[in-house]
Amino acid sequence: MKQVLIVEDNPMNAELARLVLSRAGYETAVVERADYAMDFLAGNRVDAILTDISMPGMSGKEFCRRLHEHQPNGCPRMVAFTAFAMPHQRQSIQEAGFDAIVVKPARAEAILNAIDPERNLMDFVK
Amino acid sequence: MKSFATVVASEMTRMPPARPHTYNDFDLAAVRDVIGERPDVLLELVMLANKVGGEQMAEVNASAAARDLARLRFAAHNLRNTLTFLHATKAMAVAERVESLATHHEYVIPSELLMQLNVAFEDVLADLSYFFQFES
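Same order as they appear, the protein sequences are chains A and B. Residues -17 to 108 (our numbering) make up the first sequence, in order. Residues 105 to 240 (our numbering) make up the second sequence, in order.
Hints are not guaranteed to be accurate.
[Said to hold, decoys possible] Taking lysine to any residue pairs in the SDA-like style, the calculated list, with each CA pair at most 25 Å apart, reads:
#, chain 1, residue 1, chain 2, residue 2
1, A, K(-16), B, G140
2, A, K(-16), B, D144
3, B, K155, A, K(-16)
4, A, K86, B, H181
5, B, K155, A, C57
6, A, K86, B, S204
7, A, K86, B, A134
8, B, K194, A, F66
9, A, K86, B, R177
10, B, K194, A, V85
11, A, K86, B, D131
12, A, K(-16), A, C57
13, B, K155, A, M37
14, A, K86, B, H191
15, A, K86, B, D137
16, A, K86, A, A24
17, B, K155, A, R27
18, A, K86, B, L205
19, A, K86, B, K155
20, B, K155, B, A230
21, A, K86, B, F178
22, A, K(-16), B, L205
23, B, K155, A, V12
Think of the hints as simulated: they come from the structure by calculation, not from any bench. What you are looking at is a predicted structure, and each value in this text was computed from that prediction instead of being measured.
Generate coordinates for the entire structure from the input sequences, incorporating the hints supplied.
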């Protein structure tokens, strides 16, 4: 089973992502801040990370840059989960090293598609 | 023996409303569109929104009373996020206004605005109550 780490300080967004991913068969873990995520990743391996950008403490962009520095060959798939949808904001997110961006408010299928573009979305539907 | 009126009254309590219900400020169709074909996920998330929304509204009121702008900004932001999930556009716009005032260091948040937010949020809660009773 693929594992996804969700880094999100807002409970609604975290729970939306957790429920959508877990019902589609992913194993999920949720942390509220990027520095907690760094601690989590020191002892756990994940296949993908869905992270908020604007959080207390370390931003999602800084978190992504640090992961690429520490794991240049084995960085998990990085997905930004953000309300920043303007072109310049998207560009700055991509430059930080993200593989995909999901704009809030996000549809379930957008989250699933960003985490694994090749996965059959019908896995989520009962 | 039950009177006709008693029977009719008890039947009416079990009957769905005669006309389609119009929500004040909760776009159920839009939320369903976000979630997809998973009524279990929909119900869990609306229950969570109902719970955390109440906590967030209380936090907005407490931080405004304490004149703690950083706390108020964060509380209004979180409430706005929850209202966004519910597609509660009227309440969301008021929460956004409170967040904006707190962000720009307005030391006095107009009491009318806070009252407006509380009233708008009550409308959302009434909608959620209807949802839990008849549509979940």
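Which numbered hints fail: 3, 5, 16, 17, 22
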